[in-house]
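First to last, the protein sequences are chains X and F.
Number 92 in this note's numbering belongs to position 92 of the first sequence; there are no gaps in the numbering.
Number 436 in this note's numbering belongs to position 436 of the second sequence; there are no gaps in the numbering.
Be aware that a few hints might be false.
[What the hints assert, rightly or not] Derived pair list, reagent style EDC-like, types lysine to aspartate or glutamate, alpha-carbon separation capped at 16 Å:
1. X/281 <-> F/303
2. F/362 <-> X/76
3. X/179 <-> X/76
4. F/272 <-> F/303
5. F/306 <-> X/256
6. X/223 <-> X/129
7. F/362 <-> X/131
8. X/223 <-> F/412
9. F/306 <-> X/227
10. F/362 <-> X/256
11. X/101 <-> X/76
12. X/27 <-> F/209
13. X/106 <-> F/111
Keep in mind the hints are simulated off the structure, nothing from the lab.
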Amino acid sequence: MKKRILLTLASLLVSLYASSTQAAPVKVVVTIPDLADFANRIGGDKVTVYAMASGVEDPHNVLMRPSMVTKLAQADLFIVMGLDLEHAYAPALLAESRNQKIQVGKPGYLDCSRGVSVREAPTSLDRSEGDVHPHGNPHYNTDPGRMRVVIGEIAARLSEIDPADAAQFQANAKQLTAKLDAKIVEWKQKLAGKNIRFVSYHPVWPYFAERFGVQPVGTIQPKPGIEPGPRYVDELIARMKADNIRLIVKESFYSDRLPKQIAAATGARLVSVPIQVHGTKEATDYIAFMDAVVNAFAGKE
Amino acid sequence: MEALTKTVGSLQQQLDSQKQLWDGFHAPATAALGGATEAPAEPNPNASAGSLDQIQRDVDELKSAQRQVKSGLFNPDISAAVDFITSYSRKANNVNFTLRDAEVMIQSNVDQYARAYIVFNAETELAPTEKLGIFDKTSLGVEEAAIQTTNLPWGLQLKAGQFFADFTRMDKIHSHDLPFVDRPRSLTEIIGGEDASRGFELNWLVPMDHYLRLTGGVVDNIGADLPITSTLFNPDGSVHSASAFNDGANRPFQSLMGYGRAATLFDLGSGKVLHLGADYAKGSQDTRRQIASADAKLEWQPDPAKYDLFETGGEVLWSKQSGQLADQTLWQSPSIESLFNQSTGNASAAGGYVYAQYRFGKLWQPGVRVDYTHSNAFQLLDSDNNGDADSLGRLTNNVWTYSSYLTLNLSEFNRLRLQLNYVNGSEDIVPGKGRNDIQAFFQWTVILGAHKHDFAP
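Chain F with its partners taken away, still in its complex shape (with noise of 0.2 Å):
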């Protein structure tokens, strides 16, 4: 027994001067200043010249083990998203589990120059008046892959590969992080949903006390889904499956699109900050197709003490696209052009949403969102209703969504929603039953991993 509490002591003795020894290899910038650790240090009587040496050499073998780099150090940060939607419209009679977002994003830096990611994403947008089939899987893509400049002078970042371009405020989210359960309908039927885009992007932080941040980019277009504006409806109202624009048989240069966004921000004081944004595309050659936005966002944390956080915004947007018409469109005819005589035509929409939603602690965020969507579209028309389309025609439609949605955030990584919409258009919401609609929406999203939140007004 006595043995045993002598080397338990002696053990303690060697373990409170590797422990200030240790403070001391901690502290190396201290040492100018005399020795400043992190207590008004006493030397330890009981640590002898030789015992010091010795574990002076056990600490540096320590030390230059841990120096040691292990290869799996260099694995990128990975995260995954899992987003799922009980989606159900009351006109078209249509209950929908969704499994819109299931996301694996990787990400690192490459060297000093560059860092990349991928976004791996098996996706199902679906509207609830459109019926998922039991049958229907989800297939995995590539959402994003890019690679991004980090070493840049002037403040410039350069970005290529497949990305959602910096164009919008809101149009650049993926899904699962958006406020509400929904994208705003303005926004997929101008924009096309997601902001995806293949090509470069250059942004450029303004170097001044004021915070003003300019991309311009070159990509093959905007958005992930065909737009209104190139949406050719059938002559009963459903959506037929070609576009209504030439997309012609090669891409030469001036086909591309070129877009431009400005975003500054105001620190209004009192917790306030206003983010304002402008922003415009071009792209032209065989469809000429023009969008432009303005949007705005207001935070207030009325007390920085609390979690609370009321949080206003909106974007109006607007959409022209022009140019040859589809002549493999109408799938028995030879040409639109003999068809309907007219080889070129335009289609045209604009719209936009406001939202306001509070924060009440850390759990609860109710919200209400307005949404207005202005389209003038293709039609083919049944004039002599014989069941094959004798004419093009337009779809002019008017889309009012009133939307109200209740977040409970369960923790920074798992959240729950729901959402209830009244939508009011001026044709059909759901073909042939009406011209209205109740939608409810359930979503549970969760995150797993190397979560990082971006600063991206």
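This is chain X alone, in the form it adopts within the complex (with noise of 0.2 Å):
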């Protein structure tokens, strides 16, 4: 009875020990769902994943929600995409958290826009000019070149913190940037010579257009984030007829009610597109997003 004992503690305890020194897996949130995609890739089951904002929502208008706290303050690893995409809810979360090893600075806290060009950004500040962001437009997840920088950035912050899986995490990050090689080359391709020129709801697409080619000419908000008048829709209305502009993409999560109206005054296309993974059903992962993008700009072949 004893020696029975003595043996189910002695395998309790080997148990035990073989548990605590298995790697604890690294705990990251990220604000965006497309760093969620990358971070799990990269990750593998050498990490947990968890996304703020779900994909469908406006980025720059994510309710706060408690689970976000908690889920910082246990974090390793905080992934935001910089250029204050995130102002309106990632610092007042962060702080709440207490969270030291994720605070600005310190290494579990990884700005993805460091390592990116950055356009529009803007020459002088003045709130008359809308939500402008003054570090430059936030949206580059719309360009697959700058998220191969995203991709390198997460793997090698990853590899920081849980070296013993760096080979892992630089092995899948190679991956997945050549599987988005590949792509940027077939979405370069469904592009070209299409002189695609278009109106969008809100100025979101300038690294896409810089990537593929295509021409954004105006937006239907007349400054950022700035509802328009009706004397600014006659105004967009005559000069996209004057101009030709034959698109007109809806950002998923903007009403339909004036794009609609501009279309059926134009008679051009209108296609409601996601601006991040989950922003529509058809954009699962980051590589289905950008699918269902340049599906949306090139139109039905």
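Hints given; two lone chains; assemble the complex.
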């Protein structure tokens, strides 16, 4: 009997020791689902990933939820897009989390915009210009080229936090980058030679336009975040007719009302487009999201 | 022309090479991946080794120049708010143009251990029934000035100074940030306006999966103004200038007010978040004051892809105050005891409010609110009608306030609001003019500068 108890205790101790020596997954919290997709693919089973935004909402307008604070409080790594994309919720939640590991400037805080070249950085700042982002346009996730850099940043930071699994992170990142490179070629081919000029609801697309050669010619919002008045809408319609603009791109979370009205008045094709992963049903991961965007711009073959 | 074309061509080449280098410098983490730049990079055949070295030196110089920190970059964040109110009371036949808040907030990290903030405010808190003199000017004061730790272990945070205590849901919110124009009467009367306090506050984010925040504090008082329980009413129902209770000549430790708040939140799924909170405060010695409250708020985002947001919430509050009655209250009398045969007494109040509002898109947000306030306060009586108070009695009042309001958010920083109150009491709302009143408000609020959203359950 004694022997059996001793044996049971010993096996219990061995199993406890074994479980304690297994590295716990790196707890990663990200702001938008695009980053969650990358973190999951790079980290595999060595990470657990929590995304604050669901993807269907305006990324500037995410409802602060209590689970976000508790997840941040326990996180090893907090990844943001930066450029003030998340200014409405991330700084307050980060402060409330009191987690010193992931505060700005600490190794557990990764601002992915650090590594990308930024467009539309304002030369002067004035609130009369609407919801201006002081560091530049934050929607660089619409450019898979810039997101290659983000993949590298995430892999490098995960490797710092969990050096034992660095090789796996690097290998996964390389694989993901190679897949993205192949898709970039495909997406470029799909949009090549189409001479697409378009009006979008919000200025989301400068990075996408730069990568794929499409041309944004205006926005339904007269200034970022500012809803248009009737006179502006009339002027926009007149301008679209005069310049023969045949495409209106409505970011999926904006109302249909005005874009439909403008489309009816101009005869332009109206498409509703996700601006991040899970923005629409088909945008199940980053590649699928970009597929949806490119297909919407390209139109039916 | 040819020379110019050549020069432009050469400059273009240098620019291209520099851009490649710049991208490389901006993406140091990608080196491990064999150079994952923004695009599958193609080497620039025009960039010779010599010119690259020169450009490398230029870029190094540029980078070191960028590293020179200007002293101004350490300046604290500054923001300001202007809250202008037009109010009208029908029974008082009174219109006020009030600059309720002209507030400047300065905040910054102090070092790796603490941050601090100062709020200067030129404030005029006025009920629509009270007249603002045409020569009355708003004067600037320090509303808050506090130091807060940033680096305590175990999820602890300590605050010291003059601040709005983390007590109740709505009373720690600055007036211009309220979801309605006026602070609910129950909060104003039971707590005494905003949660203004001086002292220490410690709060703890309990390290567990469920959100639970516990706060405890020691302060000299909670409330910016006299609460109804300290108020002494004149025989005609107007408010006497002095407090009903003796404040004491000194403040021993026992007289400090201790308070606590527990706040928790539940993710109910489908865009619903439930906030719950409970508070208790107690001060003793000369004036024993107790306040207890419980609150709830439900936020519901019916469709995360839209800006619509439903919000409902409310608080219930109770307060009791007892102690030595102020003997200097009665200007000509030696003491209340000799005049009224009473040296101690107590007053109580209870009440609460509920509200519901719905944000349609980004712009419009209508809402309704109901407030109930019961008070049992001290009143001087003049039973022989000779113009002098001759006894101490009670003024019991039950006031219902029904409000509807409409907010127009022109932008995140510019907001207009209309509100209509119907007030119905068991005693006169405006002394001598009846037990009900209709009050109207127009509010225009703007925010300037760095605006930060707090997560304050």
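Here is what the structure says about each hint:
1. X/281 <-> F/303: holds, 14 Å
2. F/362 <-> X/76: With Cα atoms ~35 Å apart, residue 362 of chain F and residue 76 of chain X exceed 16 Å; violated.
3. X/179 <-> X/76: The given pair, whose Cα atoms are some 28 Å apart, is violated under the 16 Å limit.
4. F/272 <-> F/303: holds, 11 Å
5. F/306 <-> X/256: This hinted pair holds, its Cα atoms lying about 11 Å apart.
6. X/223 <-> X/129: holds, 6 Å
7. F/362 <-> X/131: holds, 13 Å
8. X/223 <-> F/412: holds, 14 Å
9. F/306 <-> X/227: holds, 14 Å
10. F/362 <-> X/256: The given pair, whose Cα atoms are some 14 Å apart, holds under the 16 Å limit.
11. X/101 <-> X/76: holds, 7 Å
12. X/27 <-> F/209: holds, 13 Å
13. X/106 <-> F/111: Since the Cα atoms of residue 106 of chain X and residue 111 of chain F sit roughly 15 Å apart, the hinted pair holds (cutoff 16 Å).
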